[in-house]
Amino acid sequence: ETGVTQTPRHLVMGMTNKKSLKCEQHLGHNAMYWYKQSAKKPLELMFVYSLEERVENNSVPSRFSPECPNSSHLFLHLHTLQPEDSALYLCASSPRATNSPLHFGNGTRLTVT
Amino acid sequence: QQQVKQSPQSLIVQKGGISIINCAYENTAFDYFPWYQQFPGKGPALLIAIRPDVSEKKEGRFTISFNKSAKQFSLHIMDSQPGDSATYFCAASASGGSYIPTFGRGTSLIVHP
Chain W
10 ETGVTQTPRH LVMGMTNKKS LKCEQHLGHN AMYWYKQSAK KPLELMFVYS LEERVENNSV
70 PSRFSPECPN SSHLFLHLHT LQPEDSALYL CASSPRATNS PLHFGNGTRL TVT
Chain G
2 QQQVKQSPQS LIVQKGGISI INCAYENTAF DYFPWYQQFP GKGPALLIAI RPDVSEKKEG
62 RFTISFNKSA KQFSLHIMDS QPGDSATYFC AASASGGSYI PTFGRGTSLI VHP
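So the protein sequences, as listed, match chains W and G.
Just so we're aligned, residue 10 is where the first sequence starts under my numbering, counting upward by one.
Just so we're aligned, residue 2 is where the second sequence starts under my numbering, counting upward by one.
Worth double-checking, as some hints may not be accurate.
[Said to hold, decoys possible] Here's a subset of chain W near chain G, in silico, CB distances under 7 Å, partners left out:
1) L52
2) V57
3) L99
4) N108
5) P110
6) F113
7) G114
8) N115
9) G116
[Said to hold, decoys possible] In silico DMTMM-like pairs for lysine to aspartate or glutamate, Cα to Cα no more than 20 Å straight-line:
10) G:K43 with W:E33
11) G:K43 with W:E53
12) G:K72 with G:D54
13) W:K31 with W:E62
14) W:K27 with W:D94
15) G:K6 with W:E53
By construction, these hints were calculated from the structure, which means they are not laboratory data.
Yeah, the Cβ is synthetic: ideal placement off N, Cα and C, and Gly gets one too.
Kindly produce the complete structure, drawing on both the sequences and the hints.
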């Protein structure tokens, strides 16, 4: 158990569907992250939420929409995705403003058909 | 974002051998250097980390060597075991700047029995 829980573990969706990925942490961390991990590509930072501040990678398409209702929960809303969006989506958390490691969840394996 | 260059991309080692993965960075403000280990179907997990006030840190069979003047750090896995087969990521972050880490591209390690 990593302390960071992601659901669902696997998701298959069509290009016209709308779905959401959920992440939950009870480690007392105040920064949460979404990463995309594709085969043979580096980890891609998508979004960071910290103390109600959002940092985003400007290259992330608008079909990905994050939501962070509180410091323990993070969502990634998906709509009209493309097949190239198929990847492992990883959530992580950490204490903010300190050099501490990230705690990752085990990811959601997303397949877009 | 400042780069962290990781090599090799893949590594095959015989059981009992030494695995060495190297990382180089550019940003002299980086002062925290973690290594993560990722098994298939799992998220990355912290393996070992070093701060630049020491040149080496050892935890069991895993050692980080750090060369501040060369802006390089490396992971050494002694007596490599098949169970060490995983993807390894180096990362770097700066306490005085953005707390968001910069990751290397990853190294896929296979240890043959």
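Violated hints - listed by number, lowest first: Violated hints: none at all, because every hint is consistent with the structure.
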